Amino acid sequence: MADQSIFSKFSEWFEQPFVQNTVVVMGVVGIAAVIWMGSKNEQWRIAFQRFRRDRIGIFAGVIIAIYLLIGALEIIRIPSKEGQSTSALGWIFRSVPQERSYSAPFGKIQLGQDGEYAAALASGDPVKIKAAERYRVVGTHLLGTNALGNDTLVETLRACKTALLLGGVTSVIYIVLGTLLGLAAGYFRRWVDDVITYVYSTLASIPQILLLVSMLLVLGKGILPMAIALGITMWVDLCRLIRGETMRQAERTYVTAARALGQSTWNILIRHLLPNVMHLVLIKFVLGFSGIVLAEAILSYLGVGSPIGTPSWGVMIDGARNEFSREPLVWWNLTAATTALFGLVLSLNLLGDALRRAFDPKRS
Amino acid sequence: MFNGITRALCLLATLLLASCDNDPHPKALVEHGRDGGAPLVRYTYQTEAPRSLDPQEAYDQMSRRVLEPVYDCLLEYHPFKTDPYELMPCMLEAMPGKQAAADGGVTYLCRLKKGIFFHDDPCFPGGKGREVTAADVRYTWQRIADPKTECPVLSSLWEYLVGMKGANEAAQKNGGKFDYAAPFPAFEVVDSHTFKVHLMKPYPQIIYWMAMHFTCPVAREAVEFYDGEKHDGKRRERFKWHPVGTGPFRYVHEKSDHDNNFRLVRNERYITTKFPTEGWEPKRDSACRPLAGKPLPIIDEVQIRILREPTPAWLLTKQGYLDSFGVSTDAYTTVVTATHELTPELIARGVSLEKDVDVSTFYTSINMDDPLLGKNKKLRQALACATDAATQNEIFFNGVREVAQQIIPPGFAGFRKDYRNPMSFDLARAKQLIAEAGYPGGIDPKTGRPLELVLDTSASGSDQRMMTEFEQKCFEKLGIKVSVIENTFAKKIEKEDKGNFQISSLTGWGADYPDPENFFMLFYSKNFPPEGKNISRYNSAEFDKLYEQMATMDPSPERLAIAYKMVDMLNDDCPIILTNHKAFYSLVQPWAPRTHNNMMLEGGIKYLWLDPALREKKRAEWNR
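In the order they appear, the protein sequences are chains A and B.
Numbering-wise, the numbering used here puts 532 at position 189 of the first sequence, and it's gapless, one number per residue.
Numbering-wise, the numbering used here puts 1748 at position 421 of the second sequence, and it's gapless, one number per residue.
A hint or two may mislead.
What the hints assert, rightly or not - Away from chain B, derived, C-beta distances all over 12 Å, residues of chain A: (1) Q363; (2) N384; (3) A408; (4) T576; (5) M621; (6) L689.
To be verified - Calculated pairs, BS3-like style, for lysine-lysine (alpha carbon to alpha carbon, straight line, at most 30 Å): (7) K352/A <-> K1773/B; (8) K1475/B <-> K1773/B; (9) K352/A <-> K1704/B; (10) K352/A <-> K1808/B; (11) K1825/B <-> K352/A; (12) K1818/B <-> K352/A; (13) K352/A <-> K1705/B; (14) K352/A <-> K1822/B.
Hints in this document: simulated from the structure, not taken from any laboratory.
As the structure is a computational prediction, the values presented were derived from the model and not from experiment.
Positions of the beta carbon are idealized from the N, C-alpha and C atoms, including for glycine.
With the rest of the complex left out, here is chain A:
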């Protein structure tokens, strides 16, 4: 169509199997690079030694790794018949049957008119009808199916992708913005600091959820617009932290020494100051990730989040609004989505806390 927005063009490009697989590879490479670079930093090495003894932190890390793996499986696309492609997760669950509508966990409930139910209707026996009314064995869906007959467990796992992609893209946007602006504000001071502080104070004074909703109404629905909107609102906190830390570090002798030796400003910022504030970025990244996942759920619940067809925990929770007034109660969609959401957010917070403890200079 003629007025296709830049975002839909982007998402079209993004949907290509090649791009998707590249994203996964880049993600893995990125994580490896952070660990490798961290291993060269004295402070990070000490922190890692401490982190190894933190059992809760390790546990949370393992849980997050599982989420990452599932998300990666959904992002990885493998070619299927006739030029189409399916996600690796979809391929694993390819034999899960599609139902007509709701069915309960362990496959006992389905609304519909066919099979046993129709037979019970024909028999005219009210007891039989009552029994068969919505209780018809239709296979084994561990967590039942949703209104459109899709398996809830598969949908819940697939929604990891949305959460991780959004978290990843948003993090890239706000970490780059926040770190660079924070470094600049803390190191250059004066008018640079004034301008940056003015901008983030202004942003921070607007209620975040209102700002997000209004930006999404302008940008339209989709993962990328959501990432941009979240990125614009989230850099403020990080920027403030980095600015303070940079101010502190810039007064220290190693910076003065570097300046006396004639190092360029760029070198001082990137080679000396950045590694010394990087732990803040790491902690903020992990804690902020849970905030992003929650924000996605909230925005989808408000109807401005994930677009139609995107598996998302927020969309599942939103759908439960009507499901909770049904008889029999359809509880499995809400339960599955909130459990998955809870697991990821809790693990992220625990890991974030563990990292903060590990990097805490007071303990050394």
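Fit chain B to the given chain A structure using the hints.
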């Protein structure tokens, strides 16, 4: 001393408790019924507040529900005859007489009943309502043309009424001031109770307009008293919240507030209509027979509440405090079983269930100007055959709605009961059709990749979102790829008006009047947006010819044959994909049996009856 206070407090508490009971309704305004006994009060509710009670301005169902019992029309729908719908005189003595006029025009001669009075209101001298005359009807029709009124149907009427457009344009030129004294050629007053309506060309559907609230006579005094310059300096509400009508019920302005509750009381001077003596369905015989020929309205007072949330309405119904209840999806499974019957508990209570099929049709529009879909009939047919309307109805509407086989809803001339849409759901056939369309397996042979289509929707709320997803999945079963664009409602309308879409989901049309022409005009090539509502941009010379022919014909077997042919053409050409006709269940309390069943009739409350003694008894039982 203390003792005295305690005693006084005890006494007060006892008094307060004694004055308490469960009844959420205020005391009736009418003291006696027609027979001198207790007044018959009907308690009803609606889910949204009306937007306007001005008959020339209001256009939504919620407004009509409050407005139509207050204002009578020239004609009205027969309360029982819905298959097909039938009109009968209301304020007129008889149905309008049709005469051919010079230069191809038509004239309708109408005679008002004598002795119809406006409701008493301070706008009349001495506060007493005066008799309705032909001059009032003329004023009302002029008011439709007045740009200040912003009547939503003016552009439909000026196509046919002589000089209507001219009068409107003259007022526009005059700075928006309509000259009510100027000649108004559409309308001719013959004597105090007789008038003629002049049409430029034959238009038999004009009689339906005479049964719509837009043409309900209003009093010039009332409009000028509440909206005009004739203020006495005191603050006064606008005319749209101060209806002064001629109908069976009088609006009690002092006791109503237009956000929460409305009070209507019986118009003592009402003589316009009586309960019909025949025509009801056999199953309503016991309820209707005793009322035959009785003066209307039967009940003395109506209390309408606005209950925006579904739960309180259901709870009040369960306690016996509402006289009927439109079954919401929330309450659905506690009221209706999977076999579409009332639950045994409710049957034991004596409650009954009524199903009403609305005069509307929902469908998905295909843009015929689209270079891909517009030129490929087989592709459109494949999409139509892939749409599983029955399952959609089952999942999203509990199977209550009627799967649409034709654009015309039930009860309309041209509706065929046993007709089956040749392009209804059949996946095997759809796959074959898409292969014949040039895309075997949904694959575009030019690119070797799945054919891509764009579906526009306005998804507000999870239900609509899932419905769109359902439709997307239906189409994708053909092997094609369908991407969905979610719009705000206003944006979707804008796109439809501009033709900036490929497929537009969740569109529909609610009938203005029960004639197939009202639906066929949606596909007439001269009705492209923004003037008309042909959002599919269907352009067929043959269809246009048939439309022009049938639009001006009087009902006849030939006209029916044309209507059948037009339905067949639409189903074969698939500019739209039919889904359903809206329908809903209502619970009817044992003390207030349904005595009419007409979806075109919002003012039908005057035909209703109730048994207050039985209501008292049941309420006591249910609230124990």
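Comparing the hints with the structure gives:
no.	hint	in the structure
1	Q363	holds (16 Å)
2	N384	holds (46 Å)
3	A408	holds (31 Å)
4	T576	holds (22 Å)
5	M621	holds (39 Å)
6	L689	holds (26 Å)
7	K352/A <-> K1773/B	holds (21 Å)
8	K1475/B <-> K1773/B	violated (57 Å)
9	K352/A <-> K1704/B	holds (29 Å)
10	K352/A <-> K1808/B	holds (15 Å)
11	K1825/B <-> K352/A	holds (22 Å)
12	K1818/B <-> K352/A	holds (20 Å)
13	K352/A <-> K1705/B	holds (29 Å)
14	K352/A <-> K1822/B	holds (19 Å)
When each numbered hint is compared with the structure, a violation occurs for hint 8 only.
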